[in-house]
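**Student:** Taken in sequence, the protein lines are chains A and B. Numbering follows my numbering, in which position 213 of the first sequence is assigned residue number 213; successive positions increment by one, without gaps. To convert, take the position in the second sequence, counting from 1, and add 398; that gives my numbering.
Check before you lean on any hint, since a few could be wrong.
Unchecked claim - Listed next, the stretches of chain A that the computed footprint assigns to chain B, with coverage defined by at least 3 CB atoms under 8 Å from CB atoms of chain B:
1. 24-34
2. 38-44
3. 76-83
These are computed hints drawn from the structure, not numbers from a lab. This structure is a prediction, so every number in the text was calculated from the model and none was measured. All C-beta atoms, glycine included, are put in the ideal place defined by N, C-alpha and C.
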Amino acid sequence: MSARRLLTVVGALACAMPSGCTTPDPDIVYDAYGGTAYPDKRPKLPKPEGYFAYVSENGSDTISVIDLPRNVRVAQVAVGRDPVDLDGPHHLAVDAKGFVYLALQYPQPTSLPGPHSAHASSTRKGWVVKLAPDDLRILAQVQVDANPGEIVLSPDGTKLLVTHFDLQAALNPSASAEDQKSTVAIIETASFDQPVVPAPRFVKTCRATHGAAITADGRTAFVACYADNALAIVDLVTPGAPVTQVSVGVQGPYSAVASPSGRLLAVGATDGRETRLFDTTTRTPTSITVITPGASYFAAWSADEKTLWIPTQGPDAIVAANAETGAAIRQRRFEAGTCEKPHEATLGRGEGALLYVVCEGDHKKNSVILGLDPTTLETKATIDVGVYPDRMAFTGTP
Amino acid sequence: MRRALVAASLLLASCSSDPETEQRSAVEHGRDLFASTSTSEAKNNVFACATCHRTTPGADDRILPGADLAGAVARPSFWGGKNLDLLRAVNDCRYYFMGAQRAWTDQDADARGMYAFLESLPPAKTDAVAFTVVPSAVDLPAGDPSRGRVVYDKACASCHGAASSGAGKLRGNIPTLPGESVAYFATLGFDRTATRITFVEKVRHGPFLGLYGQMPLFSTEALSDADLGALLAFLALY
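So here's chain A without its partners, still in its complex pose (with noise of 0.2 Å):
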């Protein structure tokens, strides 16, 4: 080739080929922000002296901190992880370093008929979020099933366990029997700690399940079954464990309180209208129950586990009860606009402490908590909090 030819062919090349001989687009290198890049500057909680108590919102997607006190509120905080959508914060639970569990429940929304609702008519998985102690932010997140009903820990604080209120599964005519039980999500609080948390270890248990407590060797659950009129007894440790089932003898078991020593559960009957003793040693319902003028919630119990107080809806009232023969002893009816739905009674800690009752309110507008005593079951505090609050949980001590 002759040094012309060649430099043509060379030219040519050059000219057929313009991107090769265009200047490239330069590498861009960005300088590292030298700076806090999104400091935090959520409110951080006011620590009230003494303990408080945090308050799940389910109307709201907030969390009020009560000052007990005080018998005041000193904080509602957003939580939550849907920017738009309710989250529907549905029961809490609280470990001893504060750190709080907060099971979402994710209602349907209300849409009118349109190729968008339809889609909306599918049931929406559950979340279960660990919050901060500090400022009540979003650490960890698991996805559940839908509507988690109840929320425990485990005495040492390793497990919790949430249930499943799936009312469709439960009443689906045409469903298997196996389809119609709701499981009961088992978690490992430490997974939580975790890059990715893993998923929880799901048992199908029975229809309907709520309410909850498990023993104070953290090895057992008993489970109310809502559907099936009956508790469920599930193996926390073991996997693949048969769930076994015992008739409560009440229609509608919706709660599950333990007492303090765990020997007991109170089971609350939403149908029957009556709260039954069940001896958790035994495994088998007591004699006892305390027949109640309404629905019967989830109930507290006296430390030397003598006394119940029961709240009712329909009507509205709270009842004390003699936990060892199930005779009223004192009963209130909460008149129009002092406490609607009572959902929840607890009695906080210490000395003198009062008897909370937790008032679901009318679902739309803010509502309150009461604080009686627990002799006279006279109010002695009225504490305003967010939309349909459900749960009541202490932390601190007094």
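We have chain A already, so just place chain B on it with the hints.
**Tutor:** Frame of chain A, contents of chain B only:
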């Protein structure tokens, strides 16, 4: 011949030079991301932050679902108060609208660049921005179609393209309005009223409240009911 070889090698060498390196600041990093779809790693993402947000109030007259961002770093809350963390607010946009599956942390270079850019903006509005979500869609009275055309051009066209033709739409599967959506609803047996309310529902709820997709939602502050009624009239949905 030797001279020809030297010239040829010089010519070829000039075509294979390595690209130069350009150094940019962290603020420029965020500014570039703000205008880029690379804020999300999702391959089908067509949104940039700038699709839905202005940086400075009054910079243009688009009707945007997202708040103006000047002053955002000082705001106490976002998304109408449901979100108390700026980074989480950013990640929510990346997840719900841009399809990102990995949340940024405050140590990610992109996240830090975005913060530098937002911090560099003037503190025009440091209060929380009102963001009222309509919980249940309802039918709206018809507005003025000529106003509706303006609303369409300022609020819808940037993603859906030109009305009726879809010319210039951001992505092929974004429906051309109103034709493709109306035709789809017809296959579901929707009458005119149900179709209209479904339009309202999509505008007000975006991918939330049980819906699907990646369309950002318009709060009542971003788009009034009157303007939405005008838009429905322009789209001949009455």
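**Student:** Would you mind marking each hint as holding or not holding in the structure?
**Tutor:** Structure-based check of each hint:
For the region 24-34 of chain A, the stated coverage by chain B is satisfied: 11 residues place a CB nearer than 8 Å to a CB of that chain, which reaches the threshold of 3. Residues of the region 38-44 of chain A with a Cβ under 8 Å from some Cβ of chain B number 5, which satisfies the need for three, so the listed coverage holds. Three residues within the 8 Å Cβ limit are the bar, and the region 76-83 of chain A against chain B gives 5, so the coverage statement holds.
Consistency with the previously given hints is maintained throughout, with no hint failing.
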